[in-house]
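**Q** In case you want the letters, here they are:
2 protein chains.
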Amino acid sequence: MAPLPAHALRWLDGRLGSLETRHEATPEVPVADSRLPTRARAEIEAVVGAHNLLLDRSSRLDRSGGMSYVDLMRRRGHGKPDVPDAVVLPAGPEEVLDLLRVCAEQDVGVVPFGGGTSVVGGVTALRGDKSAVVLLDLTRLDKLVSVDPVSRTAVLQAGVRAPDAERLLAGHGLTLGHFPQSFERATIGGFAATRSAGQASSGYGRFDEMVRGLRLATPVGELRLGVAPASAAGPDLTGLVVGSEGAFGVITEVTLRVRPLSTHRRYEGLFLDGWERATDVIRDLAQHRVFADVTRVSDPQETEASLALTGGTKAKLLGAYLRARRLAEPCLLILGWEAGSRAELAARRLMAGRVLRPHHPVRLGTALGEAWRHGRYNGPRQRDALLDAGVCVETLETATQWSKLATLRSAVRAAVDEALPGSIVLCHVSHAYETGASLYFTVLARRSREDPVGQWQAAKAAACAAIVPLGTISHHHAVGTDHAPYLRGEIGDVGIALLSAVKRTVDPSGVLNPGKLLSAADRR
Amino acid sequence: MAPLPAHALRWLDGRLGSLETRHEATPEVPVADSRLPTRARAEIEAVVGAHNLLLDRSSRLDRSGGMSYVDLMRRRGHGKPDVPDAVVLPAGPEEVLDLLRVCAEQDVGVVPFGGGTSVVGGVTALRGDKSAVVLLDLTRLDKLVSVDPVSRTAVLQAGVRAPDAERLLAGHGLTLGHFPQSFERATIGGFAATRSAGQASSGYGRFDEMVRGLRLATPVGELRLGVAPASAAGPDLTGLVVGSEGAFGVITEVTLRVRPLSTHRRYEGLFLDGWERATDVIRDLAQHRVFADVTRVSDPQETEASLALTGGTKAKLLGAYLRARRLAEPCLLILGWEAGSRAELAARRLMAGRVLRPHHPVRLGTALGEAWRHGRYNGPRQRDALLDAGVCVETLETATQWSKLATLRSAVRAAVDEALPGSIVLCHVSHAYETGASLYFTVLARRSREDPVGQWQAAKAAACAAIVPLGTISHHHAVGTDHAPYLRGEIGDVGIALLSAVKRTVDPSGVLNPGKLLSAADRR
Numbered sequence: 180m181a182p183l184p185a186h187a188l189r190w191l192d193g194r195l196g197s198l199e200t201r202h203e204a205t206p207e208v209p210v211a212d213s214r215l216p217t218r219a220r221a222e223i224e225a226v227v228g229a230h231n232l233l234l235d236r237s238s239r240l241d242r243s244g245g246m247s248y249v250d251l252m253r254r255r256g257h258g259k260p261d262v263p264d265a266v267v268l269p270a271g272p273e274e275v276l277d278l279l280r281v282c283a284e285q286d287v288g289v290v291p292f293g294g295g296t297s298v299v300g301g302v303t304a305l306r307g308d309k310s311a312v313v314l315l316d317l318t319r320l321d322k323l324v325s326v327d328p329v330s331r332t333a334v335l336q337a338g339v340r341a342p343d344a345e346r347l348l349a350g351h352g353l354t355l356g357h358f359p360q361s362f363e364r365a366t367i368g369g370f371a372a373t374r375s376a377g378q379a380s381s382g383y384g385r386f387d388e389m390v391r392g393l394r395l396a397t398p399v400g401e402l403r404l405g406v407a408p409a410s411a412a413g414p415d416l417t418g419l420v421v422g423s424e425g426a427f428g429v430i431t432e433v434t435l436r437v438r439p440l441s442t443h444r445r446y447e448g449l450f451l452d453g454w455e456r457a458t459d460v461i462r463d464l465a466q467h468r469v470f471a472d473v474t475r476v477s478d479p480q481e482t483e484a485s486l487a488l489t490g491g492t493k494a495k496l497l498g499a500y501l502r503a504r505r506l507a508e509p510c511l512l513i514l515g516w517e518a519g520s521r522a523e524l525a526a527r528r529l530m531a532g533r534v535l536r537p538h539h540p541v542r543l544g545t546a547l548g549e550a551w552r553h554g555r556y557n558g559p560r561q562r563d564a565l566l567d568a569g570v571c572v573e574t575l576e577t578a579t580q581w582s583k584l585a586t587l588r589s590a591v592r593a594a595v596d597e598a599l600p601g602s603i604v605l606c607h608v609s610h611a612y613e614t615g616a617s618l619y620f621t622v623l624a625r626r627s628r629e630d631p632v633g634q635w636q637a638a639k640a641a642a643c644a645a646i647v648p649l650g651t652i653s654h655h656h657a658v659g660t661d662h663a664p665y666l667r668g669e670i671g672d673v674g675i676a677l678l679s680a681v682k683r684t685v686d687p688s689g690v691l692n693p694g695k696l697l698s699a700a701d702r703r
Numbered sequence: 180m181a182p183l184p185a186h187a188l189r190w191l192d193g194r195l196g197s198l199e200t201r202h203e204a205t206p207e208v209p210v211a212d213s214r215l216p217t218r219a220r221a222e223i224e225a226v227v228g229a230h231n232l233l234l235d236r237s238s239r240l241d242r243s244g245g246m247s248y249v250d251l252m253r254r255r256g257h258g259k260p261d262v263p264d265a266v267v268l269p270a271g272p273e274e275v276l277d278l279l280r281v282c283a284e285q286d287v288g289v290v291p292f293g294g295g296t297s298v299v300g301g302v303t304a305l306r307g308d309k310s311a312v313v314l315l316d317l318t319r320l321d322k323l324v325s326v327d328p329v330s331r332t333a334v335l336q337a338g339v340r341a342p343d344a345e346r347l348l349a350g351h352g353l354t355l356g357h358f359p360q361s362f363e364r365a366t367i368g369g370f371a372a373t374r375s376a377g378q379a380s381s382g383y384g385r386f387d388e389m390v391r392g393l394r395l396a397t398p399v400g401e402l403r404l405g406v407a408p409a410s411a412a413g414p415d416l417t418g419l420v421v422g423s424e425g426a427f428g429v430i431t432e433v434t435l436r437v438r439p440l441s442t443h444r445r446y447e448g449l450f451l452d453g454w455e456r457a458t459d460v461i462r463d464l465a466q467h468r469v470f471a472d473v474t475r476v477s478d479p480q481e482t483e484a485s486l487a488l489t490g491g492t493k494a495k496l497l498g499a500y501l502r503a504r505r506l507a508e509p510c511l512l513i514l515g516w517e518a519g520s521r522a523e524l525a526a527r528r529l530m531a532g533r534v535l536r537p538h539h540p541v542r543l544g545t546a547l548g549e550a551w552r553h554g555r556y557n558g559p560r561q562r563d564a565l566l567d568a569g570v571c572v573e574t575l576e577t578a579t580q581w582s583k584l585a586t587l588r589s590a591v592r593a594a595v596d597e598a599l600p601g602s603i604v605l606c607h608v609s610h611a612y613e614t615g616a617s618l619y620f621t622v623l624a625r626r627s628r629e630d631p632v633g634q635w636q637a638a639k640a641a642a643c644a645a646i647v648p649l650g651t652i653s654h655h656h657a658v659g660t661d662h663a664p665y666l667r668g669e670i671g672d673v674g675i676a677l678l679s680a681v682k683r684t685v686d687p688s689g690v691l692n693p694g695k696l697l698s699a700a701d702r703r
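So the sequence lines, in the order shown, correspond to chains B and L.
So for the first sequence, my numbering puts the first residue at 180; every next one is plus one.
So for the second sequence, my numbering puts the first residue at 180; every next one is plus one.
Bound-form chain B, shown alone (with noise of 0.2 Å):
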C-alpha cells in the first residue's frame, strides 16, 4: 500500500467535494464456520497432506474474493465477503487433477485462485447448488518447469507469480513482457484463465498471443495441447481454454513464447492536441505496424488529473509550456521503446516518427515517459489510500472498432455521469490493433455514506449498458460474476449454449468456479 501525496488529496477535495477526514474504523468481519463435510476433508487431506488444507478464519478471509472495489468494500464491513469453506494448497499438477475427481466426487465447489487480482469477482468463493466450496490456492505450482531457448518457449506452473516468472527467465536471459497493472502479486494461470493484456502489449502482444500450449485439469481428466506454433488441426482448444476463468477446468502449466530481455530502453512522453487527434496517431501507428512496446494515451481529463496529482512546481511548469504551445486539451502519449540493440532501437523510432510527424505532437524527452515507467504498478497501490479518504474509486474497461471508438468513450461518460454526479471520468488508450483499440476508465467519486457499494454497483450498471450494443463487455478484465449477465448479448443464445455444453462435458457435476463466466441460468 503506497500512501497518497497531500496535493493529491487536496486536488480531489477540490474537484469532489469535501471528503472523509477521518478513518473509518473497519469493523470485525463475519466468518462462518467451515461446512467442508468431513468426508470431503478426508479425501482432500488425502491428496495434499493435513498441511496443505486451510481452515483458520484468517487463511480462508484473506482469500474471500478479488481486487475489485466491492471485494475491498465487503472486506472493510460494507457488505459480507464470500469465505471458502477451506484453502487447498497442491503441490503439482498432479494434485489437481486428484483434487478435481474428489471434488466432483463430494459434490464440493472449486475456486481456483493465483493472486486474487480478480477485479470482476472472478474468484470469489460463491457455493453455488453445492454445500461447500474450496479454494485452490495455486502458489505452490511455483516452478519453471522447462525453457527451450531454440523455440524462445518456457513452461510455467500457473501458479507463478508474474516477477518470479520474470526473475526465473531472466536467468536464461529471457522475458516473458507481459507487465499488467496486476504484475506484483498476479499469477501465469491467472493471466491465461481471464485473458489478461499487459502495458506492454503493443510489443510483446496480449497474453492470450504468447500461450503456446497449456495442461487443463478437469474433473474427466486431462487435456494437453500445443505440439506446434500454429495449426489448422481443427478448431482452436488452446483458445477455448484460455479465457474460461476456472470454470472448464484450472490451468496447471503453460507453454509461453518468451524473448530475450531488452538491452535498450527508452520511454517518451509527447503530447497531442485533443482526443480525437490521439486516438487518429494511435491507429495510424497500430495501422502502420510501427508500435512502442507500451503506446498508451490519455484523454484530456486523464491527462489533467495526471499532471495534478503529480503536483509540484514541474507539473505546473509543465502545464504552462503546453498552454504557451496551444495545446487546448493535452492529450499525454507514452511511447516505452524495449529492444535489443541500439540499432533496432533508432530503425524503430524512425519508422514511428515518420507516422507521427503529421499529428505535430509535442515532444517532451524521457522524463514523463520514465516517471510513467516507475509509477506503472501505482493503481492498485494506492486503492487503499484512496478508500481511507472517502473515495469511490474504480476502473472498468472495453474494446470496439476505431470507428466506434469515439461514441463509445462518449457514451460510457455520460452513463456514469449521469449515475454518479460529480463523479471524475478518466480515460485511456492502452491497447490498440490494426481494427480497433481498447477504452480503459477511471472512476473517482465522492463516496455515499449510505450506500458505498450500491452506489458503484448502479454506475458500472450504467457504463456495461452503454458498452453492450457498441463493444466488449471486457477487452481484458474476464467476465467473473459481474460481467456473466452480460455475456449472452455479446456472443448470443448460441454461443451461450456451446460454452455450457463445453463445461457440462468436462464438468458434469458443476464443482468448477461456481456462477463465474456462465451464470447458473445459463447453464442449463
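Among the hints, a few may not be true.
Since the list can't tell identical chains apart, any single copy or any two copies may satisfy a pair.
Here are the simulated SDA-like cross-link-like pairs (lysine to any residue), alpha carbons at most 20 Å apart as the crow flies [what the hints assert, rightly or not]:
{"no.": "1", "residue 1": "Lys583", "residue 2": "Val334"}
{"no.": "2", "residue 1": "Lys322", "residue 2": "Glu455"}
{"no.": "3", "residue 1": "Lys583", "residue 2": "Val329"}
These are computed hints drawn from the structure, not numbers from a lab.
Starting from the known structure of chain B, arrange chain L on it as the hints suggest.
**A** Here is chain L on its own, set in the frame of chain B:
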C-alpha cells in the same frame, strides 16, 4: 491446366525412371442416381427455388471431392468418387439457415462447398449414417457486404472467391493479402473453415489472424461473433468456429482485417548454404520480427528441382555460379516485400539485412524473386500434366517448434522414402513464427500401375506416423477425412470429447459434413 515443358519431363524421367509416354484413356466414371427423398427435395426447393437444386450427373460429379491426388485419381477412374445426391445453391445467409433446418428435419447430410480445393477430403460428399447427402455450393454468397475503411475491416460473404475478394477490395484501395496456392479457386468461407495460411503469411498473417468476426449458420440457429478487435469476454468462440470445417455449421459471412494495397514491391532471391543455415536464417528473421511479407526457403532438394524444372541456359549458368561461390548445398530463399512507401520498404529491408548478414547469403537480385511470384500458383495448375505423365504427385505439411524442425523433416523424408523408394521429396518452410515453423513437402514418384491410389495412401500414412510424435498433423490443410484418425493423438480424449460436445450442441442430428474433422467413432 498448364503443360509441363519438355526439359522438365526429361528431368523427371531421369530421376524417377521411365515415365508413361501415352495418356491413359479416362473411363466413364459411374454416377449413381440421386437418393434425395421426395419430401426433402420439395422442402429444399421451397427454400432456394427449383433452379437452384441441381440433380444432373455432371453438376454432381463435378463437385465430388476436392483436389487431393486421390480425388483427382478417382475422377480419372481409379476408385469411386463420392457423388452428392444433389447440389443446392443458396442465395444468402438466411437461405443457408433455412436449408440447415430443413436438412436436420429431413435427416439429410450437408456438405458445404466453396472452391472445392480441399486436399484432405474435407468436401467429399460422404453420407455417414444418412440416406442422402446434399452439397451446399456457396458460390452465390458472393458479395462484399460492407467496408469500414477507418477500422480497416471488410465483411465478405463465404462464397466469394479469393481473386474476386481482391478485386472487390481493390475498388476501395484495400487488400486481404491472403495468397495460398489455392488462390485462384478457393473461397473466403473455405479459408476460414480450414484455417488457411497464404504465401504472404509472414507479413499479412494466417487467415485465422485476419478473421475479426463471422456468422455461422447451424441447425439450431445462428452464431454471430466479433464485437471487438480483442476481448476477454470468455473463451474465444471465433477460434472454435475457424477450423471447424463445416462440422459445426456453415460460415456464411466473415469480417476480415484488410490493409491498403501495397504501392512498393520487391521480390528477391538469395541463396544460403545448407538446410541448417537456411532454417537458422528464417528463425532469426522470425525472432527478430523483421520478416518480409513473403519469406520462404527451400531445402537443397527443392532448390535443385526448381532449377532443373526451370531449365534453360540461365538455370545452368546459375548452377555454375553457385558452385563457383562454393555453396555445397544451395537453398533458395525468397523474400517478397509489399510496402506502402519507399521509406518503409527501405527501412524493413535494412533491418532484415542486419539479421541476414552474419549468415553470408548470396544475393541474386530480383530475377528469381519475380520468377517465383509469377509462378506462385503453378503447383495446382501443373498437376494434371504430371498425372498425365504417370507421376504420383502430392503434398503434405506440418509444423513444429524450431528445436524439433530438423528431426521432423528427417523423419518425414525417411518415412516417405521407405514407403516410396526412389521418390523425390522436396521441402520448404513458408510459414514461420517466433517459436517454430511449418514444413511443406512435395512428393513425386513413379506411379504404380496396379494400385496408384493405395501406393500414395501408404506413403501418406507413413508420413503421418512420422509426424504425430513431433508436430501437428496439419499446419494449414485442415483435418478433413484424411487426418481425422490422427486428431485424437494430437488433442487427446478430452479434446475429442470437447469437439464432440460442441458438435452435438449445434448439430444434434449429425447432418453437418459427415465424417469430417471427427470420425464417426469420435462423435459418440
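**Q** For each hint, tell me whether it holds in the structure or not.
**A** Do the hints match the structure? See the list:
1. In this homomeric assembly, Lys583 and Val334 come within 20 Å of each other (Cα to Cα) only across copies, at 16 Å, whereas the closest approach inside a single copy is 39 Å.
2. In this homomeric assembly, Lys322 and Glu455 never come within 20 Å of each other (Cα to Cα): the closest approach is 46 Å inside a single copy and 33 Å across copies.
3. For a Cα distance limit of 20 Å, the shortest separation of Lys583 from Val329 across copies, 10 Å, qualifies, whereas the shortest one inside one copy, 42 Å, does not.
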